[in-house]
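A.B. asks: Take a look at the letters that make up each chain.
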Amino acid sequence: MSKQDKVVVAQHDTNRGTLASYVTGYIFSIYLTFAAYLMVYNHLFSNIVLTTVIVILALVQFIVQVLFFLHLGRETKPRWKLAVMLFMIMVVLILVGGSLWIMSNLNTRMTPQQMNNYMNNQQGL
Amino acid sequence: MSATATVVDDNSDKPILGFWIYLMTDCVLFASLFATYAVLYNNTAGGPSGFQLFNLKNVLAETLILLTSSFTCGLAMLAAHKGDRDRTLAWFGVSFLLGIAFLALELTEFRHFVQTGNSWRRSGFLSAFFTLVGTHGLHITVGLTWMVTLMVQVFRRGLTRATIRRLTMLSMFWHFLDIIWIFIFTIVYLRGAIAP
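Going down the list, the protein sequences come from chains A and B.
For the first sequence, position 50 (counting from the first letter as 1) is numbered 50 according to the numbering used here, and the numbering increases by one without interruption.
If you count the second sequence from 1, you need to add 1000 to reach the numbering used here.
Honestly, the hints are just simulated from the structure, not real lab data.
Mixed in with the good hints there might be a few duds.
Straight-line alpha carbon distances no greater than 27 angstroms define the calculated DSSO-like cross-link-like pairs of lysine-lysine that follow [said to hold, decoys possible]:
#1 K77/A with K1014/B
#2 K1014/B with K1082/B
#3 K77/A with K1057/B
Bear in mind the structure is a predicted one, so any value in this text is a computation, not a measurement.
With the sequences and hints as input, model every part of the structure.
C.D. replies: If you want it as structure tokens, here you go:
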């Protein structure tokens, strides 16, 4: 019986939070959400600065929730979850960055007239 | 004895890791929808932009509701690990109701857009908007269905090792959806509200 208990404890140890971790994560997240919201609501900075700041706040909240809600920091070695997440981040950066790069490039190199001609020529293919 | 414990520990962590890998691939799905949205952001085809459409207060309410739901889901997991079945069910019940409230607000917003002639057929921007936010809403719907199923299971079978493992996966899914929502809140709604 005591062996059984021990195993169950070990089983979910790395996936388990504490009350303190959930409360901390919740308070931080609320704080970051309101910070971003109020900055935009009151239009505190110029457009570019404001966009940059809210994206940074979102990334901070991402890290907060991954650590305090998903407990990634409690993972023991080998850190497979972390490895998979880093790979995901790489794929996401290539996917989003690449798409925006290619599409903005097409946008600047092609006039609307060229685009219309291209689309007319390609019809029926 | 410690060797046996290690083996069991290793085996039982595999489903969790597998589920984690699924969540990461789901992030890639959302990333492609975010990229599509960013590309089509200015293609309003003479229709309204996000600046004209979005109601920030409504979105802030949605954000806080989903965040609180994520938090109470964490409290439910703490109760589950302590073996307190009633409290587990109560906290998951709260998470469920908050999830329903979130979904209701989102669907009200969608219905308002469609009724004022701004459905997904209006412009490339709105197609991308409905696809991105709608996919998240669909995930929430699946999560709520899963939550009810597991609550019934916990009610009937109690907190066994199997039900706790399933609850762990559900809570990971629920926290993950809140993380995706941070980016929808920031990139779709707040960025949309910055400039016309």
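A.B. asks: With reference to the structure, classify each hint as holding or not holding.
C.D. replies: Each hint, compared with the structure:
| no. | hint | result |
| --- | --- | --- |
| 1 | K77/A with K1014/B | 14 angstroms, holds |
| 2 | K1014/B with K1082/B | 22 angstroms, holds |
| 3 | K77/A with K1057/B | 43 angstroms, violated |
Comparing the model with each numbered hint stated earlier shows that hint 3 is the single one that does not hold.
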